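Q: Spelled out from the first residue to the last, the chains are:
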Amino acid sequence: MAFASALHCRECGREYPIEPNYVCDFCFGPLEVTYDYDAIRKSTSREKISSGPMDMWRYDDFLPVSRENAVNLGTGMTPLLKADNLGKMLGLNNLWLKNDAVNPTYSFKDRVVTVATTKALEFGFKTLACASTGNLAGSVAAHGAKAGMETLVFIPANLEYGKIIGASVYGPTVVTINGSYDDVNRLCSELADNHAWAVVNINMRPYYSEGSKTLAYEVAEQLGWRAPDHVVAPLASGSLFTKIWKGFNEFADIGLIDAVRTTMHGAQAVGCSPIVKAFDSGLMHAKPEVPDTVAKSLGIGNPADAYYVLKILKETGGSAIGVPEDEVGENMILLAETEGIFAETAGGVVISALKRMAKEGRFDPDETVVAYITGNGLKTQEVVASSVHPINIEPNVEAFEEKVLGANSN
Amino acid sequence: MAITVRIPTPLRRITGGQDKVDVDGTDLQGIVDALESAHPGIKERICGEDGQIRHFVNVYVNGEDVRYMDGLGTATKSGDEISIVPAVAGGC
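Chains W and F supply the protein sequences, listed in that same order. Counted from 1, the first sequence has number 179 at position 179 by our numbering; the numbering is strictly sequential. Counted from 1, the second sequence has number 423 at position 13 by our numbering; the numbering is strictly sequential.
In isolation and in its complexed conformation, chain W is listed as follows:
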C-alpha cells in the first residue's frame, strides 16, 4: 500500500497530482512527494518492518509505490559494518560504514532506480532513460532490462571504462556525449520535453529521489532504531544527502526512532566542489563550475539540490569538506586495506573527509559516526591502477623465495 497522495512544490507549496512532473509551473521549484503520514503511522511499526523482505522494499510504507509491483533486483539491506581498524586509526570508537557498493549494480543508485522504474511502469511508460555520471546508467540499464522496457542512457564521453561497459552490457542504447554531466543533463531535459520517456532523474525525479531515504531507514534500523550522531556522505547533485536527512526525520516523526540530533557532513573533491565553496563563503547558492575531478560520479558542476544541502548543513551544524584530488585514490586504498571494502572514488572522497574531520576534532571519540560508501571500486580502477604492484614469477620455489620472500625482507 502506497501512501503518496500528491506532489507539492518544495518552494511555494502548490500541489500537483501524482503524475510524471518535476517542476512547479509557478515558481520553478522542485516537486516532492506528499504522503499521508497519519495513515503511515497507523500502518507501520518496527515489528512490521523487521518482518518485511530483506531488501529496501521493507520500507515501502514510506515510498511512492508499493512493493507488490516493484521492479526489484534485490536492492538494499546492504551491510552496516563497524569499522574498528579505521576507527582506531582515526580515534573513533563507533565508526560505521554503510556499504552500498554491494547493491545489484554496485552503487546506491539501485535504490532510486527501483522506485523510478516501478513508478514508470505504473504510469504506462515503455521507455526508461537517464542522464548519468555512470552509476545511474548501469542501474537504469539493468532495471530496464528486468522490466522489459526500451532503455536509453546518456553519459559524458570521458567516463571510466568500467562504467560504460557496466551499463552497456544490459543492452540499452548508450549515448556518450562530448561534454560534462551538466551538458548531458541539459540535453536530456530538452529531449524529455519531446519524447514519451520516463527519464528517471528528470520527469520521474520526485519519485526516484525518494528511494535514497532507505539509506537512512536501514542505518537507523541497523543501529538498533536510532539515528547516528554524525553522517558523512558524498555530494554531487545533493539529492542523496537531503534524502538521508529526510529519512531520519520521517522515522522520528512517525515515532520509530527518537528525535534526530544528527550532524550532517558532506564531501566533494576540490576539482568539482561548488557546494563546498558556497558553504565556505557563507552563501546559500552554489555557483556552477565545470567539473575536473577524478571523482567522476561527483562531477556535477551545477548541483540541483545545493540550496537544500546548504540549509541542512547550517541547521545541523555540519560541514562541507573539499578533498584534494590526490587524496581520493590514497583513501580508496586506505579503506580497502583497513576495512576490506573496495569503494569507488566517491568513497575515497568520503574517507578523506572523515579523516580530515577526525583530525580537526569534529567528533567525540564515542560518538556514532556513519560514513556512506555509495559505489564500487571495480568501476573506477583507473584511479588506483598505478598503486598496485603484483609480483610476477616463474612457477618454481626458487623464484618465489628470491622475488617474493626476498622482496619482503627488504
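Hints are not guaranteed to be accurate.
[Claimed, not checked] Distance ranges between label pairs, derived from CB positions:
1) W:124 <-> F:473: 39 to 45 Å
2) F:462 <-> W:80: 40 to 46 Å
3) F:451 <-> W:360: 46 to 52 Å
4) W:146 <-> F:412: 54 to 60 Å
5) F:440 <-> W:161: 53 to 59 Å
6) W:287 <-> F:451: 28 to 34 Å
[Said to hold, decoys possible] Some chain W residues close to chain F (C-beta under 10 Å, calculated; not the full set):
7) 182
8) 192
9) 304
[To be verified] DSS-like mimics (lysine-lysine), calculated; alpha carbons at most 27 Å apart, straight line:
10) W:277 <-> W:314
11) W:246 <-> W:82
12) W:277 <-> W:287
13) W:287 <-> F:430
14) W:88 <-> W:355
15) F:487 <-> F:453
16) F:487 <-> W:287
17) W:82 <-> W:359
18) F:453 <-> W:287
19) W:314 <-> W:359
20) F:453 <-> W:311
Everything labelled a hint here was simulated from the structure, so no lab data went into it. Bear in mind the structure is a predicted one, so any value in this text is a computation, not a measurement. Ideal placement from N, C-alpha and C gives every residue a C-beta, glycine not left out.
Assemble chain F onto chain W, guided by the hints.
A: Leaving out everything else, chain F in the frame of chain W:
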C-alpha cells in the same frame, strides 16, 4: 535606448507571447517593477513573498548571475541585456 529583458518560455503567456521585452530602470528592482506594470503577474513569478528573487529563478545582467553581484540592487543601464532563466531542475 531601453534595456532588453529575455523572457523564458513558461513566462511568455504573461507577456503576450513576447520573448523579449524592452523596459527602463536604473537597477534590477526598477526593471522588475517596470515589467510588472507592463505585464501584471510577472513579478510574483520572479520574486517570492519576501521580495527576493526566487531560489529556482536565475537572473543574469549581461550574462552575469546577479546573485554574485548586488541581487535586485544590481545597477542597470541603457543597452544592458537581462535574461530570466529557470534553474535546470533534475539531475542525479
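Q: Evaluate each hint against the coordinates.
A: How the hints compare with the structure:
The supplied range of 39 to 45 Å is met by residue 124 of chain W and residue 473 of chain F, whose beta-carbon atoms lie about 42 Å from each other. In this structure the supplied range 40 to 46 Å holds for residue 462 of chain F paired with residue 80 of chain W, their Cβ-Cβ distance being about 42 Å. Checked against the hint of 46 to 52 Å, the C-beta distance between residue 451 of chain F and residue 360 of chain W comes to roughly 50 Å, which is consistent with it. Roughly 57 Å separates the CB atoms of residue 146 of chain W and residue 412 of chain F, a value that falls within the hinted 54 to 60 Å.
Checked against the hint of 53 to 59 Å, the C-beta distance between residue 440 of chain F and residue 161 of chain W comes to roughly 54 Å, which is consistent with it. Here the CB-CB span from residue 287 of chain W to residue 451 of chain F is close to 30 Å, well matched to the stated 28 to 34 Å. A hinted interface residue such as residue 182 of chain W counts as satisfied when its beta carbon comes closer than 10 Å to some beta carbon of chain F; here the least separation is about 8 Å, so the hint holds. Evaluation of the residue 192 of chain W hint against chain F yields a held restraint, the C-beta minimum of about 8 Å falling below 10 Å.
Interface restraint check for residue 304 of chain W: the shortest CB-CB distance to chain F comes to about 4 Å, inside 10 Å, so the restraint holds. Under the criterion of a C-alpha separation no larger than 27 Å, the hint pairing residue 277 of chain W with residue 314 of chain W is consistent with the structure, at around 14 Å. Restraint check for residue 246 of chain W and residue 82 of chain W: the C-alpha separation of about 24 Å stays at or below 27 Å, so the hint holds. For a cut-off of 27 Å, the pair hint linking residue 277 of chain W to residue 287 of chain W stands: about 8 Å separates their Cα positions.
Restraint check for residue 287 of chain W and residue 430 of chain F: satisfied, since their Cα atoms lie roughly 26 Å apart, inside the 27 Å limit. Restraint check: the Cα-Cα separation between residue 88 of chain W and residue 355 of chain W comes to about 12 Å, which is no more than 27 Å; the hinted pair holds. In summary, the hint linking residue 487 of chain F to residue 453 of chain F is supported, as the alpha carbons are separated by about 20 Å, within the 27 Å threshold. For the proposed pair residue 487 of chain F and residue 287 of chain W, the alpha carbon gap of about 25 Å is at most 27 Å, so the pair holds.
Only pairs whose Cα atoms come within 27 Å are accepted, and residue 82 of chain W paired with residue 359 of chain W is accepted, the gap being roughly 20 Å. At most 27 Å may separate the alpha-carbon atoms for a hinted pair to count; residue 453 of chain F and residue 287 of chain W meet this at roughly 24 Å. Note on residue 314 of chain W and residue 359 of chain W: the hinted pairing holds, with a Cα-Cα distance of about 21 Å set against a maximum of 27 Å. With a CA separation close to 25 Å, the supplied pair residue 453 of chain F and residue 311 of chain W stays within the 27 Å bound.
Violated hints for the displayed structure: none, as all numbered hints are satisfied.
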